Amino acid sequence: MDPLRAQQLAAELEVEMMADMYNRMTQACHRKCVPPHYKESELSKGECVCLDRCVAKYLEVHERMGKKLTELSLQDEELLKRMQQGTGSA
Amino acid sequence: AAPPPSAPGEPAPPPPPLQYSLLLQHLVGDKRQPRVWDPAALGGIPCPPKSEEQKMVERGMERCPFKAALACRGGGFVLGGAFGIFTAGIDTNVGFDPKDPYRTPTAKEVLKDMGQRGISYAKNFAIVGAMFSCTECVVESYRGKSDWKNSVISGCITGGAIGFRAGLKAGVIGCGGFAAFSAAVDYYLR
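In the order they appear, the protein sequences are chains G and S.
For the first sequence, UniProt numbering gives the first residue as 1, with consecutive numbering after it.
For the second sequence, UniProt numbering gives the first residue as 1, with consecutive numbering after it.
Mixed in with the good hints, there may be bad ones.
Stated by the list, open to error - Selected chain S positions facing chain G (in silico; Cβ < 8 angstroms):
| id | residue |
| --- | --- |
| 1 | Q19 |
| 2 | Q25 |
| 3 | L27 |
| 4 | G43 |
| 5 | E140 |
| 6 | S141 |
| 7 | R143 |
| 8 | A179 |
Simulated from the structure, these hints should not be mistaken for lab results.
Note that the structure is predicted; figures quoted are calculated from it, not measured.
We put the beta carbon where it would ideally sit given N, CA and C, even for glycine.
Bound-form chain S, shown alone:
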C-alpha cells in the first residue's frame, strides 16, 4: 500500500527497516553473483596477469619429479662421474697380468677402466640422488613446511631403501647413516 502523502507540518513516516537477510543473501548467500576479482583492485600490488602458458610451465617446474630429474641429471650424474674417475685414479688394479706383475698397464687400458668405473659410479650416484630428491620433495609437500627435518626423514627413507636389500639391520644402519649425512649437509647449507 502506498504511504499517504504527508501534509506539511506532520512528521515524515519512519523509513522501512533495513531487511538484513535479503541484503546478506545478495552479499554472502545464495543470490550472490559470480564475479572476477582482480588482486590489484582489492589492495594487492598490481602486476600484469600471467598468461595460461606461463602458469602451466611454472606449475610443471614446481612438480616433484622435475626437481628430482634435475638433481639426478645435474648433480648426481656429474658428481658420480667425477668421483668415479677420481677413485679409478687412486685405486688401480687394472692391467694386472699374473704372468708379469711388473708390467705397467697401457694408457688405453687405464682410460677404459677409468671410463667404466666413472660411469658405474655416476649411475649409482644419480639413482641415489634422484631417490633422495624425490622423497624430500614428497615429504616437504606432505608437511607443508621447509626445515631441516625434511632432509633427515628423506635421508632415512633413502638409506633404508638402499640397505634393505641387504637385510633389515643394514637397512637400519643405512637409514641412520644417511640421515646423519643429510642433517650435516643441511646444517652446513643453512
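In isolation and in its complexed conformation, chain G is listed as follows:
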C-alpha cells in the first residue's frame, strides 16, 4: 500500500473519528463537570473552569494514545515481517 493511498484513506476516516471524539468528549465532560442542578441557565465560573480542564485533558489523552497506538502497530508489523522472512527463507 503506497503512502498516498494511505493518506487518502486516513483523510476519509479522520472526519468520522473526529466527529465521534467530539461527541464522546462533550458527553463525558458534561457528565463530569455540570451537575444536574438547573437553578440558572448560565454556566458558573467553576463549571467553566472545569470544562476547560476536561477538554484539555481529553485532547491530550487522545494524542498520547494515538502516538502509542502507532508505535505498537509499527512494532507488530516489523515482527510480522521478520516472521514471514524467516518462514520464507526457511
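With chain G fixed as given, assemble chain S onto it according to the hints.
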C-alpha cells in the same frame, strides 16, 4: 515487481494486506495534517463563530478581579451607604453640646454626620465585599465546582483575615462567624 497478468480462468491474485501502521501514522500519528475543525460539521449545534473581540471581552468578564470589582462597587458600596445612613438615623450622638445638653442639633450637622458615617460604612462594606467575592472566585476556580462549600471557605478566609489584625482568637471567631453567615445566605439563595 508488477504482478503477472492473470489469464482468464485463473483466480485473481489476493490483494496486498492493509498496512495498518502506515494508515495509523496518517490518522493519529506523526504524519497527521493540521486541520481546522468546525463544531457544526462534527455534530454540534451550528452557530455563527464568535469574533476575536467578543471572545476577548467574554474572557475578561469572566475573570475574578472583574467580578470582585462588580461586587465591591455595586453591592458593597451601595449596601454600605444605605446601612450607614440607617444607623446614623438610629444612633445619633451628634451636635451634643456639654454646656447645653438639651439643644437640638441643626439640620446641617445631622446631614453631615449621616454623610460621613454613610461613607465610612460604605467603604468598609465595599472592601469586605470585594475581599469575599475575590476569594470566593479564586476558591471556585481552584476547585472547579460550584456548590455551597465555596462560600463557607471564602467566608472563613475573609473573616479570619479581618479578625486576625485583632489577634488570633478574634481571627478564629471571625472565621467561624463569617462562614456561618455565608452558609446561611447561600442556603437561602439556593
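Verification of the hints:
no.: 1; hint: Q19; in the structure: holds (5 angstroms)
no.: 2; hint: Q25; in the structure: holds (5 angstroms)
no.: 3; hint: L27; in the structure: holds (4 angstroms)
no.: 4; hint: G43; in the structure: holds (5 angstroms)
no.: 5; hint: E140; in the structure: holds (4 angstroms)
no.: 6; hint: S141; in the structure: holds (5 angstroms)
no.: 7; hint: R143; in the structure: holds (6 angstroms)
no.: 8; hint: A179; in the structure: violated (19 angstroms)
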